[in-house]
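S.K.: Chain residues, written in single-letter form:
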Amino acid sequence: MQIKNTQVLRTPNAPTPGRPVLFNPDICTGCNICVHFCMEDIFMPAAQKGALPTILYPEECWYCGNCVDDCPEPGAIALNHPLMQRVRWKRKATGEHFRVR
Amino acid sequence: MSDTLETADAEVWPYPIRYGQVKKFESDVVVLGGGIAGVWSAIGAARQGAKVILVEKTVTARSGAGGAGCDHWQWAADNPCSSVSPEELTQALIDNQGGYRNGVSTYIQCASAYQALLEMEQMGGKVRDVDDEFKGAPFRDDASKLVFAYDYDARFVLRVWGNDYKLLLRKECRRLGVKIIDRVAVTGLLTKDGETGAQVIGATGVNTRTGEFNLFKAGAVISCMSRPQRNWTFSSEMRGVSTFRPPTNVGNGHAMAWRAGAEFTMMEKSMRSPFASPYSYPSYGVGNAINTWFACNIVDANGKEVPWVDCNGEVITNFDQRYRPARGQKFFIMGGGSSSHPHPGLKEYAGPKLTPDLAERMEKGEFTPPFYADLTSMPDHERRVIWGLNVGEEGKTRIPILQTYSEAGFDPEQDMLQTYDFLRGSGMREPVTPQERTFGEQGICGGMVVDWDLMSTLPGLFGAGDLIYGSQDHSHAAATGRYVGRRAALFAVSQQNEQCSQEQIEAEMERVYAPLGNGSINGNPGMDWKELNAALCRVMQNYCSEPKNAELLDLAETWLDDIAENEAPKMVADNPHKLMRALDVLDILTCDRMIVHACKARKASNTHLHFNRLDYPEMDPPEWHKWITIRRDGNGDGNGATVGEMPIAPWGDFESNYQARI
Chain A
901 MQIKNTQVLR TPNAPTPGRP VLFNPDICTG CNICVHFCME DIFMPAAQKG ALPTILYPEE
961 CWYCGNCVDD CPEPGAIALN HPLMQRVRWK RKATGEHFRV R
Chain B
274 MSDTLETADA EVWPYPIRYG QVKKFESDVV VLGGGIAGVW SAIGAARQGA KVILVEKTVT
334 ARSGAGGAGC DHWQWAADNP CSSVSPEELT QALIDNQGGY RNGVSTYIQC ASAYQALLEM
394 EQMGGKVRDV DDEFKGAPFR DDASKLVFAY DYDARFVLRV WGNDYKLLLR KECRRLGVKI
454 IDRVAVTGLL TKDGETGAQV IGATGVNTRT GEFNLFKAGA VISCMSRPQR NWTFSSEMRG
514 VSTFRPPTNV GNGHAMAWRA GAEFTMMEKS MRSPFASPYS YPSYGVGNAI NTWFACNIVD
574 ANGKEVPWVD CNGEVITNFD QRYRPARGQK FFIMGGGSSS HPHPGLKEYA GPKLTPDLAE
634 RMEKGEFTPP FYADLTSMPD HERRVIWGLN VGEEGKTRIP ILQTYSEAGF DPEQDMLQTY
694 DFLRGSGMRE PVTPQERTFG EQGICGGMVV DWDLMSTLPG LFGAGDLIYG SQDHSHAAAT
754 GRYVGRRAAL FAVSQQNEQC SQEQIEAEME RVYAPLGNGS INGNPGMDWK ELNAALCRVM
814 QNYCSEPKNA ELLDLAETWL DDIAENEAPK MVADNPHKLM RALDVLDILT CDRMIVHACK
874 ARKASNTHLH FNRLDYPEMD PPEWHKWITI RRDGNGDGNG ATVGEMPIAP WGDFESNYQA
934 RI
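In the order they appear, the protein sequences are chains A and B. Just so we're aligned: the first sequence equals residues 901 to 1001 in the numbering used here. Just so we're aligned: the second sequence equals residues 274 to 935 in the numbering used here.
Think of the hints as simulated: they come from the structure by calculation, not from any bench. Note that the Cβ used here is the ideal one computed from N, Cα and C, for glycine as well. Treat the hints with caution; some may be incorrect.
[To be verified] Between beta-carbon pairs, the in silico distance windows are:
#1 A:Met901 x B:Asn839: 49 to 57 Å
#2 B:Lys452 x A:Gly995: 34 to 42 Å
#3 B:Asp827 x A:Ala951: 49 to 57 Å
#4 A:Leu922 x B:Ser929: 55 to 63 Å
#5 B:Glu639 x A:Leu956: 15 to 23 Å
#6 B:Lys296 x A:Leu956: 24 to 32 Å
#7 B:Asn848 x A:Ile903: 52 to 60 Å
#8 B:Asn839 x A:Pro972: 47 to 55 Å
#9 A:Ala993 x B:Gly661: 16 to 24 Å
#10 B:Leu887 x A:Met984: 30 to 38 Å
#11 B:Asn848 x A:Pro972: 25 to 33 Å
#12 B:Glu779 x A:Leu922: 40 to 48 Å
#13 A:Ala951 x B:Arg784: 32 to 40 Å
Just chain A, with the same shape it has in the complex (with noise of 0.2 Å):
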């Protein structure tokens, strides 16, 4: 059995939810607005122009969504709600379940 991912690192766990923001590389600018409208200030500025901000704090985040209400470049950051607090909703026709993605 041959196993991919041979790299062995010395990493602590990641705080959970680890990733309450998704960022879009293609859409984001690295502009650092969304780490100014931040009430937690859980973001590290993107170091240089172009680059993504960085979640320092994810365990901080409140999911308000000022980040992406506030973003100049739609479609540039989404919300990612933690996997046990995604909601399910059902649909009244077909009876089928769907849930946040």
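Take the given structure of chain A and dock chain B to it, following the hints.
M.R.: Below, chain B alone, put in the same frame as chain A:
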């Protein structure tokens, strides 16, 4: 974006570090906390001609419990469509809380919330259905285009488009010349000669990115910081999405006013709440029928509708009647769910709600879980106003709920949103354990005692919004802020230029920077802020929840003192962000002490304060129907309390007191 980046190295702190450097500011009025109450206070004072500085821990553009939005403008009895007068509504709201609601600030809210909203409109805020989106709907006044919620006859709660109000308020502050200082956490109040209980003449702060120390000297200080949270429940992870008020609100304003010697009341009230729990769900983001979702159809797994009943217990068969007073009722206050609240308010003001015997009927097989909020079967205008205006404009809903769910495919015309642990109709996770309590996450809570000027017992220290005892709401923060700004500006002009006590400033600098001296968590016997916060919660869960008695409360004090002496001084912080969090936890510890003092002082059980003492089991004895006050006793170790009391309705005549001051 005032701070320039120092480095591109990911390992290095990106902001300039200025630990120990002192920057001084002077103004007529300094506003502490830039949430809804803070910006309205600053606007009120600036319109009076005062030089105003506003200090905010995070970012004024969006900060505070109401910065992300607002869909209901509560208790605006001064609006032209209201059938209820401000006096009558104020008294009803007080009576509905058994007397334990602040009459002064509630009257200010009821008498001027609509005036504040008209000013919001002047600033560019949308307060009317100008696009005729809801033309002809029963909740709309077609002449004024105002839209209402809950009781469509009484019309004292407005639906508003508040998502961008905070941005507009900041703009108005700037237009009026208010100097806004963001990312500075206020740490303490400065008093005349540095004495506890003396006039308040300024404040101190620390920058949460650079660590710079700031001094604010002013003729009047308006504290607008929000309520204590995280006193009973704290999870270092997994709670952000379900936390109602921002986690940055920890009661800093309560803690520093206490240290300065101001009087507080109602601090013994705490209640079971699902809001504080990591097991809860996004606020307004599950199937339910209250607040933003009032009065949504709720159906069971087979599509069977859960009946609604009125305050007389009569089943409501006509849909429109969910929004109308019941037979013999003049008006109702809110409505929707019948929660686990042991005293849900007076029958005469109770709104329509889901049938309270749902749990029993489910047990008997009459209804099958899970339940769903069925927007699809709602009248078109009601569906669009809930999943549109309300869920689009309420704080913390536009992106996390409306946008996120829509992008995942949720369609209100086809889909039914699931409820969770839905038995009693609140739509939130219930029941919760006695230990899962909240002080300020939900409902009306304790705070600073204020007079008709909204001035505390310390001259020069004013309060607005959630800092004031016995109050709540976005429109309350706006109305009291607008009012107190004027009062504080008038006070400031008559003040002498008092000198700050150098000794007090140096002692505060030492306190503020102490966690930095403990270094980082690696190789240090100390702990980080999260572990300390969780440990403080455990003390409160074990010794200050339900039931209470003198022995338990003494132990609460013992163990809080123990942590204060042993672990708190070793708390570590290795950058300005963690320093802010560490200082927050020290303020949580101070608020815990205040709560325990108040619990010891009330030697009687009280329904409305959710206060049960085993050693005083009689509920609501009339001789204890009063406010118990506490203030810090500066003698000894400085952690004791002086206990006092106020009569249950100390405010006198509403209208004449209010009119004399506007």
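S.K.: What are the numbers of the hints that this structure violates, sorted from low to high?
M.R.: Going through the list in order, the structure violates hints 2, 5, 7 and respects the others.
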